[in-house]
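Visitor: Going down the list, the protein sequences come from chains A, B, C and D.
For what it's worth, full-length UniProt numbering labels the leading residue of the first sequence as 1, then goes sequentially.
For what it's worth, full-length UniProt numbering labels the leading residue of the second sequence as 1, then goes sequentially.
For what it's worth, full-length UniProt numbering labels the leading residue of the third sequence as 1, then goes sequentially.
For what it's worth, full-length UniProt numbering labels the leading residue of the fourth sequence as 1, then goes sequentially.
Worth double-checking, as some hints may not be accurate.
[Unchecked claim] Below 30 Å or equal to it, Euclidean Cα-Cα: the simulated BS3-like pairs (lysine-lysine) are:
id	chain 1	residue 1	chain 2	residue 2
1	C	LYS121	A	LYS46
2	C	LYS124	A	LYS46
3	D	LYS121	B	LYS127
4	C	LYS187	A	LYS127
5	C	LYS137	B	LYS3
6	C	LYS121	A	LYS127
7	D	LYS124	B	LYS132
8	A	LYS3	D	LYS121
9	D	LYS150	B	LYS132
10	A	LYS83	C	LYS186
11	A	LYS132	B	LYS3
12	B	LYS83	D	LYS219
13	B	LYS64	B	LYS132
14	A	LYS132	C	LYS14
15	B	LYS46	D	LYS121
16	B	LYS132	D	LYS121
17	B	LYS231	D	LYS137
18	C	LYS186	A	LYS222
19	A	LYS231	C	LYS160
20	A	LYS184	D	LYS186
21	B	LYS132	D	LYS14
22	A	LYS127	C	LYS14
23	B	LYS127	D	LYS14
24	D	LYS121	A	LYS184
25	B	LYS64	D	LYS14
26	C	LYS186	B	LYS184
Simulated from the structure, these hints should not be mistaken for laboratory data.
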Amino acid sequence: MRKVYKGPTEALAGLLRDNMMIMCGGFGLCGIPDELIDAVQASGVKGLTIVSNNAGIDGVGLGKLLETRQVAKMISSYVGENKEFARQYLGGELEIEFNPQGTLAERIRAGGAGIPAFFTKTGFGTKVAEGKETRQFDGEDYVMERGLFADLAIVHAHTGDTEGNLRYRMTARNFNPMMATAAKVTVAQVEHLVQPGEIDPDTIHTPGIFVKRIIAVNTGEKRIEQRTTRKRNDATPAAAAGGGTH
Amino acid sequence: MRKVYKGPTEALAGLLRDNMMIMCGGFGLCGIPDELIDAVQASGVKGLTIVSNNAGIDGVGLGKLLETRQVAKMISSYVGENKEFARQYLGGELEIEFNPQGTLAERIRAGGAGIPAFFTKTGFGTKVAEGKETRQFDGEDYVMERGLFADLAIVHAHTGDTEGNLRYRMTARNFNPMMATAAKVTVAQVEHLVQPGEIDPDTIHTPGIFVKRIIAVNTGEKRIEQRTTRKRNDATPAAAAGGGTH
Amino acid sequence: MAWTREQMAARAAKELEDGFYVNLGIGIPTLVSNYIPEGMSVQLQSENGMLGMGPFPYEGEEDPDLINAGKQTITALPTTSYFSSADSFGMIRGGHINLSILGAMQVAQNGDLANWMIPGKMVKGMGGAMDLVAGVKRVVVVMEHVARNKDGTESAKLLKECDLPLTGTHVVDLVITDLGVFTIDKKGDGGMTLIELADGVTEDEIRAKTEGEYKVELK
Amino acid sequence: MAWTREQMAARAAKELEDGFYVNLGIGIPTLVSNYIPEGMSVQLQSENGMLGMGPFPYEGEEDPDLINAGKQTITALPTTSYFSSADSFGMIRGGHINLSILGAMQVAQNGDLANWMIPGKMVKGMGGAMDLVAGVKRVVVVMEHVARNKDGTESAKLLKECDLPLTGTHVVDLVITDLGVFTIDKKGDGGMTLIELADGVTEDEIRAKTEGEYKVELK
């Protein structure tokens, strides 16, 4: 039980300082550690570098940290769903480092797995490769990318046990598992906090070793960024919902 | 159902040829695709390069392919549990490339994930690094290792559905999930073949995209390499079983 | 005349094969899922971490934990599996996806693609586009043949060289526009080839609206 | 006099701390698990893909799917999780394991370690040893102070430089032998220091049996 904390403020106590790097799980608003983000905002720490695929929307998720100007730099793949972000970015108040989504995911995975650098085809010949080492392997061109390791990772899971073992739900998994491995300290918020042994050990996504502190949260009504539906009488074929590629 | 084959011979039909590279899942005798190995043996293909953490024992698992001298080279981390292996190796009939176990696992994972090369601390300053590029990142020394991608991977899973989605059991998971991603064709043998939807999609270890062919096997009595037990009246503390590091 | 968005999607659907794993981009590519032939098994990948994407949910059944890469609510199928974004892009970069269908701002005759930023405008980022074009075996672009500018003029989108920042180099295999279909020999020196005309479209019209060089081998 | 294997294991167990994740090698290191203090939470990692290793099974309850890195049948605990070997070594190489306790053939005064091959003898491979010593935060070696040769002579194992092929360079933090305990400043220039003597062992005996240079700072 030594990993279980009462709430988000307690779970982040002693871990926050100005100018630190924080990884924040989630894709869009799906699987974001909303209560932990709120606690970071309440702490008032500034100059943060945030590693997150997206930057939330106005007033929700990381959008909150932008409103209070606590973020100095974002390392992301797709942003600008909120006006405050665009305002700060265009005004030069906020730095952004764009990473292809897969490169971002792999950099985080590498950081957590003791891989300081790796090669990928992604971005060769584009702005993303500028200033980076490139190299041929077996006649194909690749770019060298570096691992990422943060001071703190905050993640959201569906179920967690008091040992820190985590299980995610559906596409709310996204960046959370890699981020949990890639920081000096990882704090998890979970919708269901259970006892060790209650999660089938073959189905644990994040072993407890990666999670230093854990809290139970009541997520209430989770936010949906783009509510898309079909009518009851719609005979859309089974595979009819499109994917999205920005 | 187009992925489901009747038996190991049918599942490997058209896939085998001399001098090919085959990845073979399992750690020791745990989680090895035994029936698929038997079918490779029966096919008589020769000059094989086998990527497998271990090389089986006399008459079991990859030990069978050694007996029939179908293997030209092993890429492994720990071998020699069988006499036939030692005889061929010392006699110069069998080539072996030793990889640190984690480097082997990561090379396979990289091969499947489109990463042609990565850096690792493991083996720096040792025989393993000889002839390889080394390099400093942030003051630490690393060795560059290459991704591995095979012609064929054969894996064993506990449960699979007709779409090729796989779930492994306990430590029989080991090298199977990475190998399933790192070959032109992956063939899986499963103890329980079920319909799509019967495996909770949050708990699938290998998505079906990686598995081209699948068979149901009756493993009967699985072999145990080292049977270690305690007496009923033994008051050994909970964490008393040792790990092993070769 | 020319093809409608729906007709372009229907043409793109002809690139599907039984057993394919496919990633569809936003816009017209999304419509392709409506034209998967009955009885053909095509599994859609969503790069945030899902294989086997189902249709939009019925009203009231939206699940905030189940979204696609466009952040839209979707549903699962019996074939569905979920995985992390790292595993998802391992799948993409590792060449396991058979086909990606996506939109574009510009395509060059050598297969270069630009579809993520316009200098001087707010840059939102490339998301997964660079990984998809670099990693997926076959890349099909579906786009309008020309760009309509604010001043009423038109600009070619099929070019000798892209002038917008690239998403990838030598990546596009096939371009489907409202006027016709082009193949591109992206890794070789075979260049671009016009292989189909849309209904009622002439070779002359295409020539007038295409800056890039191409051969004509109509099927 | 000197310490027995059990006493060496008990001494090594003093390096454990509450909440530690630990990887134990074959031989004496395995015995360390018998000396985990009551009430202390120590989770054992098995590098084939398991965290939270339990004791050997009762006779008749062996499960072929549940083995440790020594390929012995074991059991699970309520805290157990399973993962792939790639994830397991990501955990190891990424520095997430607090402590590794393993055996050795030779240790040099700069922290170099040799424990995987003897030239001229059948080489079985390094298994996970190179990854463990490179990746785990703190590496403790437990070994006999000297090697007993077939001809009855003894050879030093704590050396100026290892002459056997290395498992890792600058990797060992602490060496526990049957004669005493040494610290090694593996990344700095502090060298090797004798900090404890086994019961009844003299500094002179250790000096006679140690080739490597060391300071003495007995606690």
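Visitor: Given the hint that LYS127(A) pairs with LYS14(C), test it: the Cα-Cα distance must not exceed 30 Å.
Guide: violated, 33 Å
Visitor: Please verify whether LYS46(B) and LYS121(D) have alpha carbons no more than 30 Å apart.
Guide: holds, 28 Å
Visitor: Given the hinted pair LYS137(C) and LYS3(B), is their Cα-Cα distance within 30 Å?
Guide: holds, 21 Å
Visitor: Is LYS124(C) within 30 Å of LYS46(A), Cα to Cα?
Guide: Satisfied, since the Cα-Cα distance of roughly 24 Å is no more than 30 Å.
Visitor: Is the Cα-Cα distance between LYS187(C) and LYS127(A) 30 Å or less?
Guide: Distance of about 21 Å is within 30 Å: holds.
Visitor: Regarding the pair LYS132(A) and LYS14(C), is the alpha-carbon distance no greater than 30 Å?
Guide: The given pair, whose Cα atoms are some 39 Å apart, is violated under the 30 Å limit.
Visitor: Check whether the Cα positions of LYS83(B) and LYS219(D) lie no farther apart than 30 Å.
Guide: Not satisfied, since the Cα-Cα distance of roughly 49 Å exceeds 30 Å.
Visitor: Check the hint pairing LYS121(C) with LYS127(A) against an upper bound of 30 Å on the C-alpha distance.
Guide: holds, 16 Å
Visitor: Going straight from one Cα to the other, do LYS132(A) and LYS3(B) come out at no more than 30 Å?
Guide: violated, 42 Å
Visitor: Verify the proposed pairing of LYS64(B) with LYS14(D), using a straight-line Cα cut of 30 Å.
Guide: violated, 46 Å
Visitor: Given the hint that LYS83(A) pairs with LYS186(C), does the C-alpha gap stay at or below 30 Å?
Guide: violated, 39 Å
Visitor: Would you check the hint for LYS184(A) and LYS186(D), treating anything up to 30 Å between C-alpha atoms as holding?
Guide: holds, 22 Å
Comparing the model with each earlier hint shows violations of hints 8, 9, 10, 11, 12, 13, 14, 17, 18, 19, 21, 22, 23, 24 and 25; every other hint is respected.
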